[in-house]
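K.L.:
Here is what each chain is made of, one letter per residue.
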Amino acid sequence: INTYYLVTVLYFAKSAELTGHRSEVVPLPAATSSCQLWALLLELHPSLAALQDQVVLAVRQQYVALGDQALLLADGDEVAVVPPLSGG
Amino acid sequence: MADEVSCLKARLLDKETELDVLKKKLAQYEKNEKPCIELIDKVTTLTPLESKPLSNEDIMRYSRQLLLPELGVRGQKNLSQSSVLVVGCGGLGCPLAQYLAAAGIGRLGLLDYDEVELSNLHRQVLHREESQGQAKALSAATAVNRLNSTVECIPYNLQLSSENALQLIQQYDIVADCSDNVPTRYLVNDACVISRKPLVSASALRMEGQLTVYNYRGGPCYRCLYPVPPPAETVTNCSDGGVLGVVPGIMGCLQALEVIKIASGQGSSCGQQLVMFDALDTRFRSIRLRPRQPECAVCGEKPSVTQLVDYEALCGSAATDKCRRLNLLSKDHRITVQEYKAVVDNASSHLLLDVRPPVEVDICRLPISLNIPLSSLQQGKGGHLQLLRESISQSKGQMSGDGPLPVYVICKQGNDSQKAVQLLEKMSTSELDEITVKDICGGLMAWSQKIDPEFPQY
Ligand SMILES: [Zn+2]
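These protein sequence lines are chains A and B, in that order. One rule links them: number in the working numbering = place in the first sequence (from 1) + 120. One rule links them: number in the working numbering = place in the second sequence (from 1) + 3.
Heads up, some of the hints might be wrong.
Claimed, not checked - Where chain B lies over chain A, by a calculated footprint (3+ residues, C-beta under 8 angstroms):
{"no.": "1", "region": "145-157"}
{"no.": "2", "region": "195-206"}
Claimed, not checked - Each computed SDA-like pair below joins lysine to any residue, with the alpha-carbon atoms no more than 20 angstroms apart:
{"no.": "3", "chain 1": "B", "residue 1": "LYS384", "chain 2": "A", "residue 2": "HIS141"}
{"no.": "4", "chain 1": "B", "residue 1": "LYS399", "chain 2": "B", "residue 2": "GLN389"}
{"no.": "5", "chain 1": "B", "residue 1": "LYS384", "chain 2": "A", "residue 2": "THR139"}
{"no.": "6", "chain 1": "B", "residue 1": "LYS45", "chain 2": "B", "residue 2": "SER164"}
In case anyone wonders, no lab produced these hints; they're calculated from the structure. In this text, a Cβ means the ideal position worked out from N, Cα and C, and glycines have one as well.
With the hints as constraints, model all of the structure from the sequences given.
P.N.:
Here you go:
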């Protein structure tokens, strides 16, 4: 029941700067919701709190809204944290 | 009599020489300034674009794209009857405008209120060394006109605002957001939603770029994706964070591609897609987005935003990418560059702490400074704090009197140095020996402007 999957979290733009990582492998419980996913990333990197409500979260290159529905994760899945860029 | 004749002959010769000079001058002017482009400083009403058959010259000029079944004569004629407003003639807007003009877009509105600076030229490829100080809109229009004089080019030397945005955007078929700041991005988005125009939006910073077509065929708008503007202090701009010139170049070219596809009638596939470009790995990723959100404040079913608002207030920042000036400290915690110059001249013992990141210290520094980046102070990095303590006690040892050691903190423009002073103040009783900490107003750029013109600016 307590199965964990290894997913790759990709950090873009400001989130890469705040976490100091461009990517990292994170074990996630199988039935993680997007809200729990964000909470877990915040736990790993408290500095991400600066981006609360400002990021696009994507799982397998698909947008996920923050909610309680379980993300159907699998080993090797890619999670992307994408804050907007405004420069030009 | 003979006198009179020679006098007349001499006068005639003078006149002929004068005529010659005038003729040469005229030819010079005609060669250099063929079309006179007029810079516009307010929104005017434009006449509708006329439908014209392709001329033989058009057929020759566009032959290599007319051969594409995806474009063809129909697509080319559609292009020539489309108008595009380019908001921002910078790193994105330059390549975008260049390719749109080359491809034969009918009308190109080029909007920017800034002037060309030397530090723009590495990425804003339409401007030239001679254009420094000139309005960017005019400089871009001149370059575009040289490339394709059949494109109608309208340079707007004005700042897009809640007062003028709707009137302007309503007159164009497609809008391209090439701006460099958050308030303008929300303003352009809302104006496009209200005017029902597709918004081809790109952005770039450092080694990354993003592209999405908003408000297009049921796809989301910018606010559907980012309902709340980011706090101003979390936003990095190109003048702070830097950008590799070719990165906005690539994103501006992608923008041109999507504009051309929409204008020619082929349609864009980026309406529900966020394209991300990672220049470090040379990799593109596309995130599939949600459709338009029914609860969106501007494009939703019951929009709360039905007219343009104050976007600088909404975002808590000015509609510019120029640096904000923070004011975190009281006057007695700050000194001017002139006052610091006097400290140096009097050879008074002190410690000069430069809190810029190493990459900036590599560009230039004051020789006596100790460099500890603000980020290291914020993270309380042990090694760096140890170094600071040692430097302080060493400087204290050289002091004649007994009082606290003056520590002056400097950075590029005087924002980070204030944050560092606040941090050191908190530490000075607990972790550090007794010191007095002040920030140097305006930082190294003020030092260069007011004290040492030999010191580089960046
Ligand atoms: Zn929306």
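K.L.:
All hints are to be evaluated individually against the structure, with a verdict given for each.
P.N.:
Checked hints:
1. Figure legend: the region 145-157 of chain A, annotated as covered by chain B; annotation inconsistent (0 residues with Cβ-Cβ distances under 8 angstroms, at least 3 required).
2. Three residues within the 8 angstroms Cβ limit are the bar, and the region 195-206 of chain A against chain B gives 6, so the coverage statement holds.
3. Between LYS384(B) and HIS141(A) the CA atoms are separated by roughly 18 angstroms; this keeps the pair inside 20 angstroms, and the hint holds.
4. Restraint check for LYS399(B) and GLN389(B): satisfied, since their Cα atoms lie roughly 15 angstroms apart, inside the 20 angstroms limit.
5. Of the supplied pair hints, the one linking LYS384(B) and THR139(A) holds, its CA atoms being roughly 16 angstroms apart against a limit of 20 angstroms.
6. The suggested pairing of LYS45(B) with SER164(B) holds, with an alpha-carbon distance near 11 angstroms, which does not exceed 20 angstroms.
Consistency with the previously given hints fails for number 1 only.
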